[in-house]
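Given the coordinates of chain Z, assemble chain F onto it according to the supplied hints.
Protein chains: 2
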Amino acid sequence: MNKIYIIGVGLIGGSMALDIKSINKQAKIFGIDTNASHLDEAIKLNIIDEKATYDDLEAADLVVLSIPVDKAVSELPKVLDRISDTTLVIDVGSTKYPVCKAIEQHEKRRNFLATHPIAGTEFSGPKAAIHSLFQKKTNIICEVEKTTFKLQEKALQLFSDLGMRIRYMNPEAHDKHIAYVSHLSHISSFMLGKTVIEKEKNERDIFDMAGSGFESTVRLAKSSPVMWTPIFKQNKDNVIETLDEYITNLKQFKAFMETDNFDEIFNEMQNTNHIKDILNGIQ
Amino acid sequence: MNKIYIIGVGLIGGSMALDIKSINKQAKIFGIDTNASHLDEAIKLNIIDEKATYDDLEAADLVVLSIPVDKAVSELPKVLDRISDTTLVIDVGSTKYPVCKAIEQHEKRRNFLATHPIAGTEFSGPKAAIHSLFQKKTNIICEVEKTTFKLQEKALQLFSDLGMRIRYMNPEAHDKHIAYVSHLSHISSFMLGKTVIEKEKNERDIFDMAGSGFESTVRLAKSSPVMWTPIFKQNKDNVIETLDEYITNLKQFKAFMETDNFDEIFNEMQNTNHIKDILNGIQ
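Residue numbers (our numbering), protein chains in the order written: chain Z, 1 to 283; chain F, 1 to 283.
Isolated chain Z, as found in the complex:
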């Protein structure tokens, strides 16, 4: 695949472009973005070779759709309308059911592969793009059977070249489970940041007391609202379920404290401590 079109040259699309260029010296990377300054920046940073438009997509070997999930749902059909029979289109969004649903009846459905690379940082835009972002990361692929076999093969080769391991899931299961290990973490982090910022308004210098533990738990509160609002909207029911369970657990912890049941407080923490072993598996 030599003609690569990146729609949305931000953290994920940009990082993928950088790696593809390293892997395949013949590859030519075209960038499409509604944000003109991002395109200029991406050229300066040597992430893309040229700007392009949807009208150029017929020439594409690969199209990477890396834009907020609400835009992905509306743009993907237009992209599929314009590609050739041999073009592979992948998306990289954090929700999978809505995007799969949006094109289930499209005549080019078999040119599309729904993916979710579990990779990223709290930063966004072309400047956030980095080399080797996908190395040793998991890529979740949904509805693989709906993509034509030849294009599946090309996609798997690409992900292998990027250093990723593959997991297959259906879109519903993906959206349900990712709510726990990704979407809820973002909300817990945002609300922790909010709680402390609100306090700081009245009582100065709180942040002067903050250490690396606080920094770690609120890191995700730096994430982009433009990216995350549509994720929460599209995955509303699952996210509300995780929030319910999280709030219930916090209330129970508080109730144990209020009744001086510190044996249970100890148990709560000890029972969760084995997250150590679980996290050892994550890189």
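Keep in mind that the hints are not guaranteed to be accurate.
Straight-line C-alpha distance at most 25 Å; calculated SDA-like pairs for lysine to any residue [stated by the list, open to error]:
1) Z:Lys78 to Z:Asp56
2) Z:Lys236 to F:Phe262
3) Z:Lys3 to Z:Asn24
4) F:Lys254 to Z:Ser216
5) F:Lys236 to Z:Ile197
6) Z:Lys176 to F:Gln252
7) F:Lys199 to Z:Asp56
8) Z:Lys3 to Z:Asp56
9) Z:Lys201 to F:Tyr168
10) F:Lys199 to Z:Pro98
11) Z:Lys201 to F:Asn249
12) Z:Lys276 to F:Val226
13) F:Lys201 to Z:Lys21
14) Z:Lys176 to F:Lys199
15) Z:Lys154 to Z:Asn2
16) F:Lys251 to Z:Thr259
17) F:Lys146 to F:Tyr168
18) F:Lys176 to Z:Glu264
19) F:Lys176 to Z:Phe256
20) F:Lys276 to Z:Gly125
21) Z:Lys21 to Z:Ser84
22) F:Lys199 to Z:Ile166
If we take Cβ atoms under 7 Å as the criterion, some of the chain F residues that face chain Z in the derived model are [to be verified]:
23) Ser185
24) Glu215
25) Lys236
26) Ile247
Distance ranges between label pairs, derived from CB positions [said to hold, decoys possible]:
27) F:Glu241 to Z:Gln105: 49 to 55 Å
28) Z:Asn202 to F:Glu107: 38 to 44 Å
29) F:Glu241 to Z:Ile23: 51 to 57 Å
30) F:Ser37 to Z:Asn280: 54 to 60 Å
Treat the hints as calculated values from the structure; they're not laboratory data. Given the structure is predicted, the values throughout are model-derived calculations rather than measurements. All C-beta atoms, glycine included, are put in the ideal place defined by N, C-alpha and C.
For chain F alone, coordinates are given in the frame of chain Z:
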């Protein structure tokens, strides 16, 4: 200060011992610990030079009390009973009001300085001790005026040698504010870990989908319940207040989602985004 006694040779006490040895080649480090295997380990790791007991404390130039905060409250008076007039005793616990209260009438009150180095990792025990842990970290000192001037000077020289910057607070303000930037982060992390582990029991392979964002937000859930239970107990009222505010913010976020008020979801995140600038000040 050449004769240094570390009571509790874990992450904080052990790391301090390592740095003191680097700074002062004349220093001899003695370890006191109820856990005999920790003492043996600390000798093997070259953190302490010799084991000691409370009966040896009269010879001490410096005593570092680095044990769980409930133990600190009961042990500190016994330590002060045994030291000489020129011994400096510091504690390093995450709560300051109870320990200051416990010895306010002690005849050796002026030999004691209450401190809280905002430094650490989620690990514990002598193996967790590392060099330069305190470099560029904040050390909060409480009731500095109650320590004799000569011993204040010695303590400040030590903290300066360790690379720390100093902030002065009263114990009540310390305990109130640290609840926000440290204690609440630990609870949010533990409960996030619990919520996901509970889900995993019924639906396997969730953790296979977790990335670095999840890892970051649950890092503190690896922390020691032996250390943290007494912190929550001693700082009960302040911690409950922070939990109340955190739960209220989470419920409001959930309510916005339930009523499809995604403009407010966007605002909540955008308003918290400036945590970026705040965190830039933390190292």
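- Query: Cβ-Cβ distance between Glu241 (chain F) and Gln105 (chain Z): within 49 to 55 Å?
  - Reply: Given a distance of about 54 Å, which is inside 49 to 55 Å, the answer is holds.
- Task: Verify the proposed pairing of Lys154 (chain Z) with Asn2 (chain Z), using a straight-line Cα cut of 25 Å.
- Result: 12 Å, holds
- Are Lys201 (chain Z) and Tyr168 (chain F) close enough, with their CA atoms no more than 25 Å apart? 20 Å, holds
- For the pair Asn202 (chain Z) and Glu107 (chain F), does the Cβ-Cβ distance stay inside 38 to 44 Å? 39 Å, holds
- Query: Should the hint that Glu241 (chain F) and Ile23 (chain Z) are 51 to 57 Å apart at their CB atoms be regarded as holding?
  - Reply: Holds - the Cβ-Cβ distance for Glu241 (chain F) and Ile23 (chain Z), about 53 Å, lies within 51 to 57 Å.
- Holds or violated: is the Cβ of Glu215 (chain F) closer than 7 Å to a Cβ in chain Z? This interface hint holds because 5 Å falls under the 7 Å limit.
- Task: Would you mind confirming whether the straight-line C-alpha gap from Lys201 (chain Z) to Asn249 (chain F) stays at or under 25 Å?
- Result: 16 Å, holds
- Proposed proximity, Ile166 (chain Z) with Lys199 (chain F) (alpha carbon, max 25 Å): 22 Å, holds
- Has the given pair, Lys199 (chain F) with Asp56 (chain Z), been kept, meaning a C-alpha gap of at most 25 Å? 45 Å, violated
- Task: Measure nothing beyond the straight line between the CA atoms of Lys236 (chain F) and Ile197 (chain Z); if it is 25 Å or shorter, mark the hint as holding.
- Result: It holds: about 21 Å lies between the C-alpha atoms, which stays within 25 Å.
- Agreement of Lys236 (chain Z) and Phe262 (chain F) with the hint, judged by alpha carbon distance not exceeding 25 Å: Measuring from Cα to Cα gives roughly 10 Å; hence the hint holds.
- Query: Is Lys276 (chain F) within 25 Å of Gly125 (chain Z), Cα to Cα?
  - Reply: 16 Å, holds
When the structure is compared with the earlier hints, violations turn up for hints 7, 13, 30 and for no others.
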